[in-house]
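Chemist: Use these hints to put chain Y onto chain L, whose structure you have.
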Amino acid sequence: MAKYMIVDGIRVEFTDERNVLQVVQKAGIHLPTFCYYTELSIYGACRMCMVEDSRGSVMAACSTPPRDKMEIRTNTSRLHDYRKMILELLLASHCRDCTICEKDGRCRLQMLATRFGLNQVRFKDTRPEMPIDDSSIAIIRNPGKCILCGDCVRMCNEVQHVGAIDFAYRGSNAIVTPAFGRTLAQTDCVHCGQCAAVCPTAAIVVKSDLKNVWKALYAPNTRTVVQVAPAVRVALGEEFGLKPGDNSIGKIFTALRMCGFNTVFDTSFAADLTIMEESKELVEKLKKGDTQMPLFTSCCPGWIKFVETKHPDLMPYVSTCKSPMEMFGAVIKDYYKKADEESGLKTVSVAVMPCSAKKAEAARDEFKTNGVPDVDYVITTTELIKMIRELGIQFNEIEPSAPDMPFSISSGAGMIFGTTGGVTEAALRRVAENSQYAMKEIEYSGVRGFDGVKSAYVTLGDTALRIAVVSGLGNADELIKKIKSGEEHFDFVEVMACPGGCVSGAGQPHAYVENKKKRAAGLYTTDKSALVKRSNDNPVVMHMYETGVLKNRAHELLHVHYHTCDKK
Amino acid sequence: MTTEDIKVLDDILSSHDYNPSLVIAVMQDIQRYYRYLPEESLTYISQKLGLPEAKIYGVATFYENFSLDAKGKYVIKICDGTACHVRNSVPILEEMRKILGLSDSKHTTDDGLFTVETVSCLGACGLAPACTVNDEVYPAMTPEKARELIKKLKEAEGV
Numbered sequence: 000m001a002k003y004m005i006v007d008g009i010r011v012e013f014t015d016e017r018n019v020l021q022v023v024q025k026a027g028i029h030l031p032t033f034c035y036y037t038e039l040s041i042y043g044a045c046r047m048c049m050v051e052d053s054r055g056s057v058m059a060a061c062s063t064p065p066r067d068k069m070e071i072r073t074n075t076s077r078l079h080d081y082r083k084m085i086l087e088l089l090l091a092s093h094c095r096d097c098t099i100c101e102k103d104g105r106c107r108l109q110m111l112a113t114r115f116g117l118n119q120v121r122f123k124d125t126r127p128e129m130p131i132d133d134s135s136i137a138i139i140r141n142p143g144k145c146i147l148c149g150d151c152v153r154m155c156n157e158v159q160h161v162g163a164i165d166f167a168y169r170g171s172n173a174i175v176t177p178a179f180g181r182t183l184a185q186t187d188c189v190h191c192g193q194c195a196a197v198c199p200t201a202a203i204v205v206k207s208d209l210k211n212v213w214k215a216l217y218a219p220n221t222r223t224v225v226q227v228a229p230a231v232r233v234a235l236g237e238e239f240g241l242k243p244g245d246n247s248i249g250k251i252f253t254a255l256r257m258c259g260f261n262t263v264f265d266t267s268f269a270a271d272l273t274i275m276e277e278s279k280e281l282v283e284k285l286k287k288g289d290t291q292m293p294l295f296t297s298c299c300p301g302w303i304k305f306v307e308t309k310h311p312d313l314m315p316y317v318s319t320c321k322s323p324m325e326m327f328g329a330v331i332k333d334y335y336k337k338a339d340e341e342s343g344l345k346t347v348s349v350a351v352m353p354c355s356a357k358k359a360e361a362a363r364d365e366f367k368t369n370g371v372p373d374v375d376y377v378i379t380t381t382e383l384i385k386m387i388r389e390l391g392i393q394f395n396e397i398e399p400s401a402p403d404m405p406f407s408i409s410s411g412a413g414m415i416f417g418t419t420g421g422v423t424e425a426a427l428r429r430v431a432e433n434s435q436y437a438m439k440e441i442e443y444s445g446v447r448g449f450d451g452v453k454s455a456y457v458t459l460g461d462t463a464l465r466i467a468v469v470s471g472l473g474n475a476d477e478l479i480k481k482i483k484s485g486e487e488h489f490d491f492v493e494v495m496a497c498p499g500g501c502v503s504g505a506g507q508p509h510a511y512v513e514n515k516k517k518r519a520a521g522l523y524t525t526d527k528s529a530l531v532k533r534s535n536d537n538p539v540v541m542h543m544y545e546t547g548v549l550k551n552r553a554h555e556l557l558h559v560h561y562h563t564c565d566k567k
Numbered sequence: 000m001t002t003e004d005i006k007v008l009d010d011i012l013s014s015h016d017y018n019p020s021l022v023i024a025v026m027q028d029i030q031r032y033y034r035y036l037p038e039e040s041l042t043y044i045s046q047k048l049g050l051p052e053a054k055i056y057g058v059a060t061f062y063e064n065f066s067l068d069a070k071g072k073y074v075i076k077i078c079d080g081t082a083c084h085v086r087n088s089v090p091i092l093e094e095m096r097k098i099l100g101l102s103d104s105k106h107t108t109d110d111g112l113f114t115v116e117t118v119s120c121l122g123a124c125g126l127a128p129a130c131t132v133n134d135e136v137y138p139a140m141t142p143e144k145a146r147e148l149i150k151k152l153k154e155a156e157g158v
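Sequence order for the protein chains is L and Y.
Read in order, the letters of the first sequence are residues 0 to 567 in numbering that gives the first Met the number 0.
Read in order, the letters of the second sequence are residues 0 to 158 in numbering that gives the first Met the number 0.
Think of the hints as simulated: they come from the structure by calculation, not from any bench.
All of these numbers come straight from a predicted model, not from anything done at the bench.
Be careful, since some hints might not be right.
Here are the simulated SDA-like pairs of lysine to any residue, each with C-alpha atoms no more than 25 Å apart in a straight line [claimed, not checked]:
#1 L/K480 x Y/M0
#2 Y/K47 x L/D187
#3 L/K123 x L/H160
#4 Y/K47 x L/R181
#5 Y/K70 x Y/N133
#6 Y/K47 x L/T308
#7 L/K483 x Y/Q46
#8 L/K309 x Y/M0
#9 L/K516 x L/H160
#10 Y/K70 x L/A173
#11 L/K480 x Y/Y43
#12 Y/K105 x L/T125
Some chain L residues near chain Y, calculated using beta-carbon distances under 8 Å [as the list claims (entries may be wrong)]:
#13 G43
#14 A44
#15 R169
#16 A178
#17 F179
Here are the simulated distance ranges between beta carbons [said to hold, decoys possible]:
#18 L/A463 x Y/E38: 49 to 57 Å
#19 Y/D4 x L/R126: 34 to 42 Å
#20 L/R256 x Y/D68: 54 to 62 Å
#21 L/E70 x Y/N133: 53 to 61 Å
#22 L/T290 x Y/T42: 54 to 62 Å
Even for Gly, the Cβ is constructed at its ideal location relative to N, Cα and C.
This is chain L alone, in the form it adopts within the complex:
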């Protein structure tokens, strides 16, 4: 007999649900919660998901395992009062300047206060004022807006193994802080921003560069060029009523032109360049017989920073390829250099990214030419949404358009960069033989899917390559330990800092795992309908190598030498 629970008088069957909360969800009721995420450990801090059993005792649904024939209620008078009181107390010690808050309209505290019809706060805020920490290049912490749910702490420690922040002090003095009251910039923070992605309030947010971007758009004698990353197209539409995974890249191009950008490009094009270079590096490495350590990918700036701080000895094994964004940044500035000199215009290069770490990447010295960043400003998907809203652009009604010449064609391989496994699949397509059979073999080799660690054997000519695809820095950390101890051996390892890859980036609209998976699926759908599947079949790419800007200059424009490689 199937096990069941009675939720508000409704019989709900369950099997291996993690907790009562998920069983209640099956009954069609979403219990309010601040501190529960399926991908994090159960913490039971906020007490919003309390339920009452048949004997009248109350318990937190998130931290109670379901029992057969258990009978619970989710909406008794007592629970109603509890929840309202919790919200009132949280709000009492919370900044309430909602209208000028970064998170206005997307703050879970604000949403739940509205949902529960809270209309008064009877208690005074007696906390000492705590300074805002804006030391980091990508992330701002405002302890005054922290509700101590611990989501960021668990994300940073459990999932990412970074451990930049944790709880300190106790009771009413408890705070979330880096060690010894340092600023975030003084920690090993890798700017992945996953803390901000799970923060229910604006206690941790991604830094905005909108002010500078608007300024550039309105400045005279300026050529504004923008590139859009693969993962943006399958998430941005969510805020305008599209389904997660719906590809709205055409509308995004139109909207960017309406915002005032002179030229719009697709970063997927630069992803094709990355594949050309990275696969070349892999083949050369294999040819040299240098197979003790794998070749690690280098597209993700969060991952790069993680290697630099936690595993500096591995830096020589990280690909020297720049990320697609930085490759494009260098190519764009170089391409317009002559025209700018002749016309007196100044090119400002902007990138729309699903990512907070890209902001830190753009500011690195390695990616500056004569002191000027190759990519001047990086804005997130969420920031672009704000621009579209501010201008009153009716996103659903505008017509799609195509990217500008000359970098107007991208392959499907470049587009799947936005999800975990995409870079690997794209690289394999490049190095494998050109046949439908080979493409199918790669697709089903095990590189696809949302799992944190995937491994596969892929045959390449007469050798079998062992490949790993990892997302989430904690998973990468564990895998590195195994590689170092000799327990595992790989030839190629793809790492993305965010669980699931760029579709889950901190610059994307807030989403739970299910929707992130749909975004990834949306990218594969886009790939299916792409005319060009392999990076080396992209005619623009090949033209660039043969006669264009990359002729004899691929190394100069597309590769990087990280300064941290020099330190031993």
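Modeler: Below, chain Y without anything else, positioned relative to chain L:
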């Protein structure tokens, strides 16, 4: 940190088998040696134990008994448990602070000789009001006795 400091820390760590779940015991040993937890020592053990600094800082600030500030040569703990409190421990505390120029926010004298702090209970309720100087118990204290005690300690130090 000097090589001597590193040796002290390595000895403490190896006596606990570098086991990260024994971090509290490690920190207690460090505090026993230095009489507080120097920041560099926590950074060092964080690397050796494979625990984030933020986590160790969290432990250090959670427990009242851990101190991140350097303490004086003489650590005076005045009991403010229920028994001592009702037998007038507060005037003793106030007297000590007055003589040494200390307060609620300043616990250690500038010459690094004295630290005055309160504890919730020394477990010596029969001797109330009690205080300890570097773990030696002084029973049935009064403000006068406190003055004499400080005078005696200062004389021993030649100040």
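Chemist: Identify every previously stated hint that the structure contradicts and give their numbers, smallest first.
Modeler: 1, 3, 13, 14, 22
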